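Undergrad: Sequence:
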Amino acid sequence: MIGHALRVAAAATDPSQAAGLLQEAVEHLEQSPAACELAHALIDHGMALHAIGDPHQAAQQTYRGMELAADCGADGLVSRARAQLAAAGLRPRRLHTSEQDTLTTAELTAARHASAGMDNRAIAAAMQTNTQAVSELLSAVFTKLGTDRLGLHRALGA
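Residue numbers (my numbering): 262 to 419.
Rather than coming from a laboratory, the hints here were simulated on the basis of the structure. Since this is a predicted model, take the numbers as computed values, not measurements. Heads up, some of the hints might be wrong.
[Claimed, not checked] Between beta-carbon pairs, the in silico distance windows are: (1) S400 with G314: 29 to 35 Å; (2) R343 with M388: 35 to 41 Å; (3) L351 with T392: 15 to 21 Å; (4) R382 with A348: 43 to 49 Å; (5) D380 with G314: 42 to 48 Å; (6) A272 with T366: 32 to 38 Å; (7) G314 with A377: 44 to 50 Å; (8) T390 with M262: 26 to 32 Å; (9) S277 with A367: 31 to 37 Å; (10) D380 with R343: 38 to 44 Å; (11) Q389 with E288: 22 to 28 Å.
Each residue gets a CB set at the ideal place from its N, CA and C atoms; glycine is no exception.
Can you make the complete structure from the sequences, with help from the hints?
TA: Below, the structure written as structure tokens:
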């Protein structure tokens with residue numbers, strides 16, 4: 262897994278190089294079903310961004326990582342993210358109460374179409390976009406909900 266390798270490589274380098282490696286790791290992992298590994302990379306990326314003086318982006322990545330870690334049941338990562346946010350003088354916000362709360366409007370629309378049995382080409386036509394965009398949306402949905410196309414109906418509570 263490229264994302265995991267990039268995250269591990271970032272641990273052995275200085276913060277400015279680590280931030281770039283971790284950004285790349287996050288991009289790879291966002292396209293993968295490895296939600297817990299993505300959470301880890303997001304939290305590490307937040308730490309690296311904080312170290313190089315980008316507190317706003319650091320907080321965003323850390324919050325994302327913390328929420329995803331909670332969804333994965335990775336309590337140790339959640340605690341680490343909370344400690345990191347507290348050390349930065351930020352208050353960890355309430356975690357989402359439902360996995361669906363983390364979906365964007367476009368992700369939720371694509372997920373509902375896929376749950377109804379539409380293929381990516383039909384979803385793209387219905388959403389007036391292309392199949393690559395639909396694939397990316399559904400990949401994010403699967404990561405956030407921790408399921409695949411077969412489990413989507415149940416995960417959406419439909």
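Undergrad: Each of the hints needs a verdict: does it hold here or not?
TA: Now the hints, each set against the structure:
{"no.": "1", "hint": "S400 with G314: 29 to 35 Å", "verdict": "32 Å, holds"}
{"no.": "2", "hint": "R343 with M388: 35 to 41 Å", "verdict": "36 Å, holds"}
{"no.": "3", "hint": "L351 with T392: 15 to 21 Å", "verdict": "39 Å, violated"}
{"no.": "4", "hint": "R382 with A348: 43 to 49 Å", "verdict": "48 Å, holds"}
{"no.": "5", "hint": "D380 with G314: 42 to 48 Å", "verdict": "46 Å, holds"}
{"no.": "6", "hint": "A272 with T366: 32 to 38 Å", "verdict": "36 Å, holds"}
{"no.": "7", "hint": "G314 with A377: 44 to 50 Å", "verdict": "47 Å, holds"}
{"no.": "8", "hint": "T390 with M262: 26 to 32 Å", "verdict": "28 Å, holds"}
{"no.": "9", "hint": "S277 with A367: 31 to 37 Å", "verdict": "33 Å, holds"}
{"no.": "10", "hint": "D380 with R343: 38 to 44 Å", "verdict": "41 Å, holds"}
{"no.": "11", "hint": "Q389 with E288: 22 to 28 Å", "verdict": "25 Å, holds"}
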